[in-house]
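Asks: With the hints as extra help, turn the sequences into a complete structure.
Chains A and B, in that order, are what the protein sequence lines are. Take the position in the first sequence, starting the count at 1, then add 2; the result is the number in this note's numbering. Take the position in the second sequence, starting the count at 1, then add 58; the result is the number in this note's numbering.
Derived from the structure by calculation, the hints contain no laboratory data. For glycine and all other residues, C-beta sits at the position ideal for the given N, C-alpha and C. A couple of the hints might just be wrong.
[As the list claims (entries may be wrong)] Chain A stretches covered by chain B per the calculated footprint, using a threshold of three residues with CB under 8 Å from any CB of chain B:
id : segment
1  : 80-88
2  : 146-159
3  : 280-289
[As the list claims (entries may be wrong)] Here are the in silico distance ranges between beta carbons for each label pair:
id : chain 1 : residue 1 : chain 2 : residue 2 : range
4  : B       : V65       : A       : S511      : 26 to 32 Å
5  : A       : R313      : B       : D108      : 41 to 47 Å
6  : A       : E1121     : B       : V107      : 44 to 50 Å
7  : A       : G226      : B       : D108      : 27 to 33 Å
8  : B       : V84       : A       : G226      : 21 to 27 Å
9  : B       : L98       : A       : P149      : 51 to 57 Å
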Amino acid sequence: MVWPDRETQLSQMAPDTPRSMAPRAHVPSDLRQLDDATPYVELHLHSCFSMLSGASHIEELAETAQLLGYHALALTDSNGLYGAMEFAQELKARGIQSITGLELSVAEEDDPESPRAHLTLLAETRAGYRNLCRMISFAHGLLLDEPAAKDARRKEPWIHAAALRDHHEGLIVLTGCRQGRIPALVAEERLPEACAALEELVRWFGRDQVFVELQDNLVYGDSGRNRALVQLAERVGVGVVGTGNVHYHVRERHRLQDVMTATRHRKTLEQSHRERRPNDEFYLRPPAEQAERFAAYHPEAARNSVRIAQRCQFDLTEDLGYTLPSPQMSTGQTPDERLREVCETALRGKYTAIEQPRATARLNEELRLISKHGLSGFFLIYQEVFELAEEVAIEVRGKESARGKANLPVGRGRGSSVSSIACYLIGLSHIDPLKSNLFLGRFLNEELYSLPDIDLDFPRDIRERLIERVYERWGKDHAALVAAFPTYRLRSAVRDVGKALALPLVELSRFSRLATQHHTAADMRSEFERYPEFANRVDAPGWRDLVELVPQLSRMPRHASEHVGGMVIASEPLIDCVPCQPAAWEGRYVCQWDKDSIDDARMVKIDFLALGMLSAVEESIELIAEEQGRTLDLSRIDFADSDVYDDICNGDTVGIFQIESRAQIAMLPRSQPRNIDDLAVQVAIVRPGPIVGGAVNPYVNRRVKLRENPGYVVEMPHPDLRDVLGETLGVVIFQEQVLQVAEIMGNFGAGEAEAFRRAMSRKRSAEIMESYRAKFLAGSRANGVSEAVATRVFENLKGFAEFGFPKSHSVSFALLAYQTAWMKRYYPVEFFCGLFNNQPMGFYPPHVLTNDAKRHGISVVRPDINISRVTCSVEQDAHEQLEHGGVRVGLGYVRQVGEAGAAVIAAERERGGEFQSLFDFVQRTGLARRATESLIRIGAFDTFGMNRRELLWQLGLFGDGLVRSNLRIPKQRQLQLQLSTQQDAVPLANFTAYQRMAADYELLGLSPDSHPMTFLRPALGEGVQSSRHLQSLPGNSRVSVAGLVVCRQRPQTARGVVFLLLEDEFGMVNVMVSKEMDEEQAILVRTAMFLEVEGVAEKRAGEQRTIVATALREIIPTEALLTPEGKNWG
Amino acid sequence: MGPPHTVERIDEVWRVVDEWWRTKPVTRNYYRVSLDDGRLVTLFHDEIVDGWFLQRY
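Replies: Dropping the structure here:
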């Protein structure tokens, strides 16, 4: 194959093809050539994207193919192209031709019960690729409407054979593996049927397109079957081709493949003898060896693999055929003209006459870039999406509701698109990029190596409806969510490998609990050796295999899922470019590529993200309107309220968006943000990029110096960087600054700077990074910057190989952070109620939020069977002695009841009035016994005057008529219960306060009345201090504290240090555990529910205290207590 | 054990790798062969013990 150079390709493209669709610049010049000397090409290969079947990563397969000298290779994963783009890119980078194919499950009849057989299909041309995509989409049930049928296809895709006839163009078909119809018929010596089946394929595809596939993996029966297949091919007059049916890159990986097979069939290795492959011969063998093996059957069998590869000129990296979406233009305008008109109209409404010249200049610059890259249609499509979102918001919020009247943005922009004035003008962002001084280059620049992403945050309910509406507007064949592939991590890998090896589940579970989520599966051996009870099993049978196989399973995809929000919309049918399939969530459709493959395909995606905090805010606004009759407009609150900033600066931020984490609370008193710009820095700074880049301490220290001495002048790495780094006091905190510093100091071009940023974020090779470093240092030298300073700045930039925020994104989030802090200060009850009703979200679980609420004078009141709603609600008079009223916990919070059970209770109460007794409740709701028990144990029936033990006793007297398996009861029918008699009732002592608290934690996940430390403290030594005493101690005091572990954190940037957050009845304490102590006392650090910590209370000026632990002791409650497990944050 | 025979022809070769998680794993290469006396027998080479065996069905 001869690759045209980039300019030639560009010149050959249709004039209306946007330049950004142009092929990538890095076409390798050393693509290996297929010729007469090429012995063999592997045309049947499975990667780990044949979920739980292929046992090697694409990178491993590509690397091995390169080492073995392959010139071309096909990927034929089962019923999917999930890995096709990654495979094509990976091979291209290695100079190997990639062939896109798949192994399709085909049913003879259009009937779910019809037996299915495998067929190998290879895309010869673009049309063939399109047919592959369509057939896979159909196999996954894209055309089906009935949910159960779709669900069945999603789990086990198949296609009716007749579909092959209609989608044959451009495809080469091989007859498949041992599970192929024709090989199976031959193996069963049903030769006339095999002959008929082959002739049918020839009729559908054409004689030159069909090859009989020979496979020899030293499986019993291979030789005889292959000989018969050769005879069959000669009889029908088609070619034969040998394939390896490769399932792993090296022989040793067969064990993992066995484990995967057992896991896929939910069996152990012992139980899965029939399902597993019989040997270790399904690896990628050298081409010459394969050629020799197949020569024994037919002289052309290997040679035909090369001929097929030569014919398969479709290149997924170049020939995808995707065009940027563009709306129908009925006005005769071009997309450029239409976009300009929309933006200019909006500009006149959003900017004053004085502001307009500056805004127009910025807009003109953006429109020039948008036009240059052919993106006007893309922007207009997303304007349509935004208009759709506006309709959805009105529909979901309701015109007359407080949410509807609150002047809330439909969605909030996030990410780099917030820096675009075009996005601001067409509604895709709510932040004015001029006022916030946002740099455009991260979103749009001259060279644009990657298409821009537009991200929008929505409340959950609006997002869900919007996604449905997008399908309705564009159709499920033109719009799809982006895929995500949850991969194996240590815990999941231990569970699945351990189950396959039939190791004791209790011990697997214990090990998984110890080996926290901080670790990847690759750490298996070191994790195992860390714990004495497991260390001696490293080489024991079964366990030895676990240690070996868990790291191999690491990072393998487990199944296809949905990306959190990415969606692709296409003007042409999307299923011609990438297969689409129904998602697990009814009514949604997902394409088979993840965000990286979508990016590689140069497809545009828009992120509709569900942001729990937006849902909480909108719910709070409704509650404020309900309870106080006020309609809030959060865009018009005082954004300079010093009381709100005082709360923030004091670290009183539990529940506040983005600035509530342990690290944030520790830092806020030192960094002291006093306006939205400061908050934007605060939002961005506790991220791996700035932390690894060494930006945090210099920034915070300079903030302190500036407060102490307002005349302090911050020194910049270079005077020219003052404009860029001034707002972050001389360090790089935002992604845009990486680009700007690279341009100004290192003399990078705009596109080159973005390529540098992307190279870092994708962890490109050390050589590439070194070349950027050399270029940066040279540029800095030319600008008169010393080597030492340039090196320090480059290290700061390099930190952004880790995750970091763009300023545009941070400003958007800072605004929400402030708004939530404002709500917490002025409407705390409604705010907390909104938080409780939108869990899980944020950093803290409900029991921590409960205690924080109580510290703010807000009562959290237990559920009551006659008062509580399904969700939490506001009660202004809950506790009259409290200043702010309270939050009544909803019945849906109660374990075993849930929202479904709570809805049954609420509906019955609405219908028949308040419940008069436990008997009345049980008779009318028919709730399952365990649900009713839960309600009794958490005090929901306390209102009836009996204590909880007596109520449980009474429940037992109702007899078996009560026990039901589900929550639904027919209308107009009451349960027939045995009546309790007076003599059966017995006076019983109530549960103790401790037992009631324990039941609350177990069944509600929070305790409205008391903190467990109230009960545990008396047993502690006198020297153990409470959190409220810590602030008054002098610096570096030796202290002893104790509390419930609510959070464990081992940031990768902290070099093994573990941070624990302890909570006692008065507040929270930050504890730092050294790497050495973590290693010595790993079990304690990772699993203890309550800890007593001895240590030194460090205190820097104005900062929250951190206890540096010197000793740890587990506190074990004398009575059973099951608190929610502390959150583990990586 | 009878007198030695010559293998006239190998009709089929296959390999079995199984039970690798057990204390006695199986790694064998099987050969279906025709002997000089006309009999068809199955032999296998056990890689674990590095020995040749006659498969008795």
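Asks: If any of the earlier hints don't hold here, list their numbers in rising order.
Replies: The structure conflicts with hints 1, 2, 4 and 6, although it agrees with all the remaining ones.
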